[in-house]
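**Q** Sequence:
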Amino acid sequence: MSTYFRNVMMQPNDNVSTALTDIPVNSLVSVRCNQQIMEVTVKDTIEFGHKFAVVCIPEGSDVVKYGEVIGVAVKTIEAGEHVHIHNVDGKRGRGDITHGTESALGI
1 MSTYFRNVMM
11 QPNDNVSTAL
21 TDIPVNSLVS
31 VRCNQQIMEV
41 TVKDTIEFGH
51 KFAVVCIPEG
61 SDVVKYGEVI
71 GVAVKTIEAG
81 EHVHIHNVDG
91 KRGRGDITHG
101 TESALGI
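The opening residue of the sequence shown carries number 1 in full-length UniProt numbering; numbering runs sequentially from there.
The set of hints was computed from the structure by calculation and includes no laboratory data. Bear in mind the structure is a predicted one, so any value in this text is a computation, not a measurement. Treat the hints with care, since some could be wrong.
[Unchecked claim] Under the rule of at most 35 Å between Cα atoms (straight-line distance), these lysine-lysine pairs were calculated in the DSBU-like manner:
| no. | residue 1 | residue 2 |
| --- | --- | --- |
| 1 | Lys75 | Lys91 |
| 2 | Lys91 | Lys65 |
| 3 | Lys43 | Lys75 |
| 4 | Lys65 | Lys75 |
My request is simple: use the sequences and hints to build the entire structure.
**A** Right under this line is the structure:
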């Protein structure tokens, strides 16, 4: 039986949900999106406004929130794990790297 912890998952192709309240470690959380309902046991404490994976996100895969790609998993993220800067690289607004270690300025 899950305890109700407010969270939001906006699109069926999202692979994360955002906590709308603090969620204690090992809590069973119901995640609802459209007609889809998933039960996820969080493996970390999830603070208000932070994300947790609702499915396994393999290393190198896109992280999708609100129907938009927000980054790429730098390691495999298991369902229920905290999704944040320790396991996701942003794909937007970088502009500092174009090819490998060469900067956008060519240096």
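**Q** State for each hint whether it applies.
**A** Status of the hints after comparison with the structure:
no. : hint           : result
1   : Lys75 to Lys91 : holds (15 Å)
2   : Lys91 to Lys65 : holds (13 Å)
3   : Lys43 to Lys75 : holds (16 Å)
4   : Lys65 to Lys75 : holds (18 Å)
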